[in-house]
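These protein sequence lines are chains A and B, in that order. Heads up, the first sequence is in my numbering, so the first residue is 1 and it goes up one at a time. Heads up, the second sequence is in my numbering, so the first residue is 1 and it goes up one at a time.
The hints are simulated quantities; they were obtained by calculation from the structure and are not laboratory data. Idealized CB from N, CA, C, for every residue including glycine. Certain hints may be false.
As the list claims (entries may be wrong) - Just so you have them, the derived chain A footprint on chain B, three or more residues with Cβ under 8 Å:
no., segment
1, 19-30
2, 100-113
3, 117-126
4, 169-179
This is what each chain is made of:
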Amino acid sequence: MSTVPAAETLGGTQRLRDWIGDRLLLILTLLAALASVALMVLIAWRVFRGASLSWSTFGLGFITGTTWDTNAGVFGAGTLLYGTAVTSLMALIIAGPLGIAIALFLSELAPRWIRELIGPLVEMLAAVPSVVLGLWGILVLGPFCANHIEPWLGRWFGWIPLFSGDPSSSGVFVAGLILAIMVVPIVASICRELFLAVPSELEDGALALGATRWEVVRGVVLSSSKPGIGAALILGLGRALGEAIAVTQVIGSATAINVSLFAPGDTLASRIAAQFQGAVTKLQISSLFYLAAILLVIGLVTNLIAQVIVRRFDVQRAAD
Amino acid sequence: MGTMEQSFDLSGGGRSRRRRLANRLAEVVATLAALSAVAVLAIVVLSIAKRGIGEISWSFLTEPLPLFGTPGGGIAPLIVGSAILVAIATVIALPLGVLSALLLSEFASRRLAAPIQLVFDLMSGLPSVILGVFVFGLLVYGHTQSGIAGGFALSIVMLPLIARSTQEVLRLVPSSQREAALALGVSRWRIVVGIVLPSTLGGIMTGTVLAISRAVTSGVSCRPASSGPTATTVCSCSCSTCRTTTTSAS
Chain A
1 MSTVPAAETL GGTQRLRDWI GDRLLLILTL LAALASVALM VLIAWRVFRG
51 ASLSWSTFGL GFITGTTWDT NAGVFGAGTL LYGTAVTSLM ALIIAGPLGI
101 AIALFLSELA PRWIRELIGP LVEMLAAVPS VVLGLWGILV LGPFCANHIE
151 PWLGRWFGWI PLFSGDPSSS GVFVAGLILA IMVVPIVASI CRELFLAVPS
201 ELEDGALALG ATRWEVVRGV VLSSSKPGIG AALILGLGRA LGEAIAVTQV
251 IGSATAINVS LFAPGDTLAS RIAAQFQGAV TKLQISSLFY LAAILLVIGL
301 VTNLIAQVIV RRFDVQRAAD
Chain B
1 MGTMEQSFDL SGGGRSRRRR LANRLAEVVA TLAALSAVAV LAIVVLSIAK
51 RGIGEISWSF LTEPLPLFGT PGGGIAPLIV GSAILVAIAT VIALPLGVLS
101 ALLLSEFASR RLAAPIQLVF DLMSGLPSVI LGVFVFGLLV YGHTQSGIAG
151 GFALSIVMLP LIARSTQEVL RLVPSSQREA ALALGVSRWR IVVGIVLPST
201 LGGIMTGTVL AISRAVTSGV SCRPASSGPT ATTVCSCSCS TCRTTTTSAS
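Throw the hints in and build the complete structure from the sequences for me.
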């Protein structure tokens, strides 16, 4: 008899505690998420604010200006935009087909045990720190390019302006190769997931109709994952655009646009990484912020495009 | 197998041979692509190890940095610096990431979750050099470089990674468990604290370790924020010195 009221009061405090606990957890998680969103806004705001001095000095002309003269105090991003575009495109041209081919091997060809062996190894390539990859570029890849690959390209394709000029161990070409090594695992691992998600009935159906494996891949696997492959390539491009350290180490440093891939160059990210420590004047620091702002906009836009594709594609897959 | 071959020959002839050739070619190309990736990884690891292994010794790991131009010395301050910065970053990023993931997968409606999710996806795609510039502008410019600033920069590297990996393990908790607890009258926070978190602890730890490994290797994001005597990590120091050392060595 006497236990009934006791149980009731217990229930009362329990309910109050649950009410408070629920609210508290909800508020905590909400705050954490809002803080993350605010952080993102803060990043954009601070980078743009840092660029304001350079913006008021050079305006939009900064983007097309090709001089970067610390002593004269004249800064422009034209050379760097060109370098960023060339290195990233080169990385994408090499890494795109390679990554897709690796994904096809892993998802369609390889027996299970090879897939479980090579899959993680390819992903480990993405875990190599970019400083280490850059160092490797200086010590191994650069000299190898200068002694073997670039002379060969120059001999056979020297009539194309891109492959003219003297081979060198640091330049746009080596930077593009290093970036390609970084992009391959991104493209490969996303594409592998895509290809594994292709319904096996479709593949089996095509095989039953007498198609060869390659025809199945081309007609079913690749064509049904086209948007996803596009998103994977764009995500890889985003990585190549923003990579700073490794590129700084191998690209040399240039103050003018060089058409030849063997000549030194510079990208947005590598210029920021190379000069941020040594920047002296306020205008130079502000100009580096301006570069970061341009990089931020480019990075956000590419990522946004990729996310939109992924989301639409996911919805489509879910509906199928 | 033999009968298949025969029927192909009867119907196809040259066309069937071309198709099989194309197939073979595609197989060879895909296999070579995979092998080349593994080969590149092996070459990178082996060539770095071959050059570096002779240098590693107990004194290299435990002695202070050499004075400029003198032989000897080690990297002890860099290892300690890495540990401090990553500890600061983890303290900031772990609660933020786990709590945000909880909001996304346990509480938020689709309409609230979508934009937050997008922010995390965008954050993980940010070039790390921008994070360095941002923290420099926010905490260092006009003040001094500090370990806190560097740790803060690294925490932005870790935050989206922890949030995503936590979300993934939260998704693995069977909803039948949550529903069973709800049916017994257990409140939401007790479900989270008593059922969801304990069963995902291992996954959250794995995600955190992976995020830490990314933060340790990200040199450029913390270099503008903290370098020199304050706190330098192995990677941020090798960013700034390896250019000069290699040119002087060669």
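Structure-based check of each hint:
1. 19-30: Result for this restraint: holds, n = 9.
2. 100-113: As far as the segment 100-113 of chain B goes, the hint holds, because 7 residues have Cβ atoms under 8 Å from chain A.
3. 117-126: That given contact holds, which follows from 8 residues of the segment 117-126 of chain B lying within Cβ reach (below 8 Å) of chain A.
4. 169-179: Since 0 is below three, the answer is violated.
Violated hint: 4 only; the structure is consistent with all others.
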